[in-house]
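> Spelled out, the chains give:
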Amino acid sequence: MTRFLRHRLFWPVAILVALLALNLVFTDNFFRVQMKDGHLYGSLIDIVRFGAPLILVSLGMTLVIATSGIDLSVGSVVAIAGALACLRISDLDDQNSIGGVLAAVGIALALSVALGVWNGLLVAGIGIQPIIATLILMVAGRGLAQLITDGQITTVNSSPYKLIGGGYWLTLPFSIIIVAVVLALTAFLTRRLALGLLIESVGGNAEASRLSGISARGVLITVYTFCALCAGIAGLMISSNVSSADGNNAGLWIELDAILAVVIGGTSLAGGRFSLGGTVLGALIIQTLTTTIYSIGVPPETTLLFKALVVTIVCLLQSPAFREKVFHRRRRPQSPSPVTEEKVRVSA
Amino acid sequence: MAAPAPILRMSGIGKQFPGVKALDDVDFRLLPGEVHALMGENGAGKSTLIKVLTGVYDIDAGEIELEGRRVAFSSPLAAQQAGISTVYQEVNLCANLSVAENIFIGREPRRLGRIQWKKMRRRAEEILSRLDLDLDVSAPLSSYSLAIQQMVAIARAVDIDAKVLILDEPTSSLDAGEVAQLFRVMRRLKEQGIAILFVSHFLDQIYEISDRMTILRNGTLVGEYLTSELSQVELVGKMIGRELADLEKLEDRPPAREGAPLVETELLGRTGAIEPFTLTIHEGEVVGLAGLLGSGRTEIARLLFGADHAGTGALKIDGQAVSLRTPRSAVARKIAFCSENRRAEGLIPDLTVRENIILALQAARGWTRPIPRRRQDELVEKYISALNIRPANPEQLVRNLSGGNQQKVLLARWLILEPRLLILDEPTRGIDVGAKAEIQRLVAELSDGGMAVLFISAELEEVLRLSHKVGVLRDRRLVAELDNDEGLTTDRLTETIASGAIS
Chain A
1 MTRFLRHRLF
11 WPVAILVALL
21 ALNLVFTDNF
31 FRVQMKDGHL
41 YGSLIDIVRF
51 GAPLILVSLG
61 MTLVIATSGI
71 DLSVGSVVAI
81 AGALACLRIS
91 DLDDQNSIGG
101 VLAAVGIALA
111 LSVALGVWNG
121 LLVAGIGIQP
131 IIATLILMVA
141 GRGLAQLITD
151 GQITTVNSSP
161 YKLIGGGYWL
171 TLPFSIIIVA
181 VVLALTAFLT
191 RRLALGLLIE
201 SVGGNAEASR
211 LSGISARGVL
221 ITVYTFCALC
231 AGIAGLMISS
241 NVSSADGNNA
251 GLWIELDAIL
261 AVVIGGTSLA
271 GGRFSLGGTV
281 LGALIIQTLT
291 TTIYSIGVPP
301 ETTLLFKALV
311 VTIVCLLQSP
321 AFREKVFHRR
331 RRPQSPSPVT
341 EEKVRVSA
Chain B
1 MAAPAPILRM
11 SGIGKQFPGV
21 KALDDVDFRL
31 LPGEVHALMG
41 ENGAGKSTLI
51 KVLTGVYDID
61 AGEIELEGRR
71 VAFSSPLAAQ
81 QAGISTVYQE
91 VNLCANLSVA
101 ENIFIGREPR
111 RLGRIQWKKM
121 RRRAEEILSR
131 LDLDLDVSAP
141 LSSYSLAIQQ
151 MVAIARAVDI
161 DAKVLILDEP
171 TSSLDAGEVA
181 QLFRVMRRLK
191 EQGIAILFVS
201 HFLDQIYEIS
211 DRMTILRNGT
221 LVGEYLTSEL
231 SQVELVGKMI
241 GRELADLEKL
251 EDRPPAREGA
261 PLVETELLGR
271 TGAIEPFTLT
281 IHEGEVVGLA
291 GLLGSGRTEI
301 ARLLFGADHA
311 GTGALKIDGQ
321 AVSLRTPRSA
331 VARKIAFCSE
341 NRRAEGLIPD
351 LTVRENIILA
361 LQAARGWTRP
371 IPRRRQDELV
381 EKYISALNIR
391 PANPEQLVRN
401 LSGGNQQKVL
411 LARWLILEPR
421 LLILDEPTRG
431 IDVGAKAEIQ
441 RLVAELSDGG
451 MAVLFISAEL
461 EEVLRLSHKV
471 GVLRDRRLVA
481 ELDNDEGLTT
491 DRLTETIASG
501 AIS
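As given, the protein sequences belong to chains A and B, one line each in that order. The first sequence begins at 1 in the UniProt record's numbering and counts up one residue at a time. The second sequence begins at 1 in the UniProt record's numbering and counts up one residue at a time.
Certain hints may be false.
[As the list claims (entries may be wrong)] Taking lysine to aspartate or glutamate and the EDC-like style, the derived pairs with C-alpha atoms no more than 20 Å apart in a straight line are:
(1) B:K163 - B:E63
(2) B:K119 - B:E108
(3) A:K325 - B:D58
(4) A:K325 - B:D60
(5) B:K238 - B:D211
(6) B:K469 - B:E264
What the hints contain is simulated information worked out from the structure, not anything from laboratory work.
Using the sequences and the accompanying hints, generate a full structural model.
Next comes the structure, spelled out in structure tokens:
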């Protein structure tokens, strides 16, 4: 039981479960998932589906934060990727041509990658502090997105493009499948291959990593690029879901939600150890919270306040120091300690 | 003479970490006006005892009495306010702040909420002059050497109305003159009735300064002794729990060896770091570097490892000219470097022992070619037992290990790569006699196996014992290269360092 309690994902899971349970009180059939026309429907499915872009952005953000960096530009990359894809598709003679849509998607993602490399070069090549380096693209990127769309909201009418954010495949929303694939890929790269170890080591002690022969520069450029790619995919999802690109508002403030998701998931902003599972949970918590606000009917003018309140509680619960203070008024070590039995011999 | 009542008494102290019993039923007392040495190998529990005393850790069992009153400090600050000040092994000051700010940080003289800078600087100068230090107190701390920074830390500690002063390996980075200065200061503090708890691995220093000692081994108390009544040999025997004889089986001088030149430098240099030097290291050869702190020893190592770029000269490996632009390219040529600064340049404290050990090998392979987990476990297992790393738990976080064991983890990281040249910068600093002998023996074995070693140490005996050839440095210049034959003694080395010429 204590082992269970001590698991590093215990608190995120507990919070998510509590939020879901709260919904159950206010919404009948909240947990019901049903099959309609060969598609899965239900509130739970919706949470994952609407949370998909945030999960993607948060995954990329996790790796960046693990190197003790931060990427503020993800919201702008979301807008740029959506804008470019919609622009290319709206220029097509036949907006439903699969080849044309694929090309548009490819170009948008290629630009995202290029933007990620730019961030990586600023941070690793020139040595600008991450928060400043990515602030450049955060501000300039909004401008770039508006430049692409000419300041208008570009709408498209393309069913292949609509699939990315709003479509279904194998009974599941396509966006959930994309998230699953990206998550699996990230887990593979970091945990099966050794990228994770190198990221954690660069985040834990950059100079020591360099002196161990790690190319910290390569690792940094890789994670910023990956982060931008994730943001690009999220941008396609968001614009596809509404079949339009809004350079002003698409992905607005998503960087802050993503950072929050990472932190709730238990990855320290100081870098080092990271947890992909924790991040996914963190993003789901944020999305569930948004859903909850609607379902329990919090008045619109107080939603932000309500959200802030819940997030504060979540962060406090996540903090071991806070829990120690509140829950365990630790007995002063008077009684003969019960652990003597599991005395461990340390000598060789 | 009746012994005065102890100012500090700890009894039955126990402390448990996950997987490790760090302290078990330890008693300790400290009398006013004495210098009390706390002795033990790495991992014996010295640091834990100090941290328990100063409120860094909670105790799991036992009690602490200060001046007859039962105390339990919740934080180092609380301990400090009660009169227990600590100067740790690694300087814990803010290098970017001025000397005066560092002395008064958190308790600046104020009037109406404003800091009185003038008064602060004047008082800082007063405090330092009492320690025979003449510094520019408004200069940033980083502009002074590590040794001076250490003195500033002590100045800060004693100014906080200390009754008990804890010095955790204060001398490990000081040269002889600075140690003498520190001891003068300690004697003066002792006369004022301050109890000093002193931790050092230098036995000579212990015997010079301490009145009494308490010995720990594996987290348990061995005993308390008067320094004058315990011989050095007995002390070492009690610390390591076995006879010293088998530790001293190393021969006095390594046998001469003939190998092909492995690394040759020709007027390699870097402005402001090291004057151009010419040095050849042969296969299987141990080259010692002797010289004072800051004489350019580390700078040579960093150039050979590609950690810094050389400004002038040429470097050849196996007779081929190469340019080492990064540590990565040095590692690719099988050159390994254990930095003297374990904490900042060596370990990744949040990773486990296993991850720290395989790090360099994994970095050399690149992230796309992970080392299979089973192979990792085998390698780590092998080096944990070969180097006697304690606790022998590969999944323990490195931050929880003692200094000597951290050093061994760092060594293991490089040995796994089977380097051709191993650069060791002060590998035995701050670690105990047992581990020191193990590392020295390891160096001898490695060179027998054909590995070249560049061995940097402030301890001349150690350099002489291991090296085939000794390079002497002075003022960032390689002033002499001496063959280690019968004619070479520590006296002659010291003379060369002092005079800057071959005598």
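> Taking the hints in turn, state whether each one holds.
Hint check results:
no.: 1; hint: B:K163 - B:E63; in the structure: 19 Å, holds
no.: 2; hint: B:K119 - B:E108; in the structure: 9 Å, holds
no.: 3; hint: A:K325 - B:D58; in the structure: 14 Å, holds
no.: 4; hint: A:K325 - B:D60; in the structure: 18 Å, holds
no.: 5; hint: B:K238 - B:D211; in the structure: 18 Å, holds
no.: 6; hint: B:K469 - B:E264; in the structure: 14 Å, holds
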